[in-house]
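Q: Starting from the known structure of chain A, fit chain B onto it as the hints suggest.
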Amino acid sequence: MSAVTHEDLHDHHDHGPAKGFLRWVFTTNHKDIGTLYLTTALIMFFVGGAMSLVIRAELFQPGLQFVDPGFFNQMTTLHALIMVFGAVMPAFAGLANWMIPIMIGAPDMALPRLNNWSFWLLPFAFALLASTLFMDGGAPAAGWTLYPPLVLQGGNNLPFAIFSIHLLGISSIMAAINIIVTIFNMRAPGMTMMKLPMFVWTWLITAFLLILVMPVFAGAVTMLLTDKFFGTSFFNAAGGGDPVLYQHLFWFFGHPEVYILILPSFGVVSQIIPTFARKPLFGYSSMVYATASIGLLSFVVWAHHQYTVGMPLAGELYFTYATMLIAVPTGVKVFNWVATMWKGAMTFETPMLFAIAFVVLFTFGGFTGLMMSISPADLQYHDTYFIVAHFHYVLVPGAVFALIAATYFWLPKWTGHMYDERLGKLHFWLTAISVNVLFFPQHFSGLAGMPRRIPDYAVQFAEFNAMSSIGAFIFGFSQLIFVYVIIKAIRGGQPATDEVWEGAAEHGLEWQLPSPPPYHSWEVAPLVK
Amino acid sequence: MRLVRRIAFVAVAMFGFGFAMVPFYNVFCEWTGLNGKVKGEATATGEYRVDASREITLEFITSLNEGMPLAFRAEKSKLKVHPGQYYTVNFYAENLTDRQLTGQAIPSIAPGLFAEYLKKAECFCFSEQKFEPHRERTMPVRFVVDPKIPEEVRDMTLSYTFFDITDRKPN
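These protein sequences, in sequence, are chains A and B. Numbered per our numbering, the first sequence spans residues 1 to 529. Numbered per our numbering, the second sequence spans residues 530 to 700.
Chain A on its own, in the form it takes in the complex (with noise of 0.2 Å):
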């Protein structure tokens, strides 16, 4: 496809990234900036999990053992704030930073000091948010949601954690601009819309997502900030304010950031499952569609967050059908993922055994989803460890697994050297195996009625909560041989070729770069037939 070779990208060094630490500090160029963004990530996903461990260290038994309810409830708050805003986006945004140039044939992103700004401001927000474990009162407690009026009963951690939502919020702002701007403009020539990789094609929905939904969360929260201390009453009811009001902004915003969290998922996946079964991906056109449907139906359909607070008949059941119709774009993709594996010549590397699990797994945390879209059913899952295990189901063997299968994906081509395999599969059967063991006894544990964000239960879920909280240690301990499979990986071995996967040639622009990829790649635009 490309008249570039090998020789004409290696007289290029003395382009080459400046020297020392600085280079990280003031780089601009997009593989730095992804590699900054990852490793933020990586380092915010131990930070988010060491919280989730002292949440299953205290409910492994009844009663209270290891920390003060007050203490549980700022863990439970900031792993997740953590998770969601630490660990996933940005490794997303760091997947978007590295893939998405080279799998369009653009020499970089369309502004590169904008995409500087946008992850030097990452550090920044976190250290705002961390800082507020230090202070009198602890962090912010009231769940991530910060639904008001608990949230406003805090402490001063409000302005710390909302001040680090509003950078966070500029900051996925800026980089979804330019990854919109970025596949708009500079794409190779013949590369057209429907010829972009499904991974290009997510993240392009993705970041419409963020650009309409991160505002209305940064006024909502403005708004908690101006409630506490400027005395205005938008989710006060003595002043004639509606602290419901809030829950519709929140989830108007948190419906379309689940899809945020999921979408890039989705296509990592259909790059992934295609290279190991060596077929094309089955219907293309309609995985495209399909996410974009997704995109639009997300919404419409915030509501089915809120059931128990109390709606009209008529928007009980809008919900609950706009919930349901969610699943048909999605089940679209389910077929598609499987019909691509379909009589495939399949081959299962690590990232395949992960793009697997996640294809199986998600599915099993969109089913149970479904069941809470019945809003009658809804009232009894509500608030219990059923939900808890539907949205990580659906996040950890959904969205972290797809992050864990790309980076054994494109390692090989990030660094030069294969990763090991027999380490890589040690931590994908390990990963798997513990995941279900932590998660699926949270199903049993919430449909008899246990109720999250407490620190203690009642006997009867002890059983469930043991089993959970030793699935919960050895996912999180297996993750220490990822970093060591990837550390190993960037020191040396065995060298990877250009395609690195048996003809993942055909599969994307990425694989006729060599491996690792020059410091300025696409330099000439490829010619994409």
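Be aware that a few hints might be false.
[What the hints assert, rightly or not] Which bits of chain A does chain B cover? Going by a derived footprint, with three or more residues having C-beta under 8 Å, they are:
id: 1; region: 167-181
id: 2; region: 212-226
[As the list claims (entries may be wrong)] Label pairs and their in silico Cβ distance ranges:
id: 3; chain 1: B; residue 1: 542; chain 2: A; residue 2: 524; range: 34 to 42 Å
id: 4; chain 1: B; residue 1: 681; chain 2: A; residue 2: 309; range: 20 to 28 Å
id: 5; chain 1: A; residue 1: 315; chain 2: B; residue 2: 571; range: 26 to 34 Å
id: 6; chain 1: B; residue 1: 655; chain 2: A; residue 2: 315; range: 28 to 36 Å
id: 7; chain 1: A; residue 1: 226; chain 2: B; residue 2: 600; range: 26 to 34 Å
id: 8; chain 1: A; residue 1: 473; chain 2: B; residue 2: 590; range: 42 to 50 Å
id: 9; chain 1: A; residue 1: 309; chain 2: B; residue 2: 655; range: 20 to 28 Å
Hints were generated in silico from the structure; no laboratory data involved. Cβ coordinates follow ideal geometry from the N, Cα and C atoms, glycine included.
A: Leaving out everything else, chain B in the frame of chain A:
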């Protein structure tokens, strides 16, 4: 660059959209009566034809926000009423502290969709209430249920929550 400006404009517009939802929400709720909010003014006007054949059970609930230091109760927890007839129910609140308190009672009526049929002629929730230290006050509510209320409504709940606004309104 034009695309950048357009997208940035959309982002800013969505920030404004969040705030625009506040008045929109209030108008929408007022129009549909979805959240059971009622106007803070008298809506009962004139005489209604008393419908002695129907009886609706009204329940009264009192609660305090953020542990406001009042002892707040209704004279009775339930009252059977005929639509069209005026009734008066007393609410009592005692200030349990040594300082003066100012409170605002916020009413809520369930089911919210029928809130408009419960019409009040007089209510302590129409204005803020001052409580002298350790003094109990009697606060009447005079109301009528509009006889036009649909047949299927047999029970209604009227709830009052007292919010402590002492610090918001320096006396």
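Q: Would you mind marking each hint as holding or not holding in the structure?
A: Checked hints:
no.: 1; hint: 167-181; in the structure: holds (count 5)
no.: 2; hint: 212-226; in the structure: holds (count 10)
no.: 3; hint: B:542 <-> A:524: 34 to 42 Å; in the structure: holds, 39 Å
no.: 4; hint: B:681 <-> A:309: 20 to 28 Å; in the structure: holds, 23 Å
no.: 5; hint: A:315 <-> B:571: 26 to 34 Å; in the structure: holds, 30 Å
no.: 6; hint: B:655 <-> A:315: 28 to 36 Å; in the structure: holds, 30 Å
no.: 7; hint: A:226 <-> B:600: 26 to 34 Å; in the structure: holds, 33 Å
no.: 8; hint: A:473 <-> B:590: 42 to 50 Å; in the structure: holds, 46 Å
no.: 9; hint: A:309 <-> B:655: 20 to 28 Å; in the structure: holds, 27 Å
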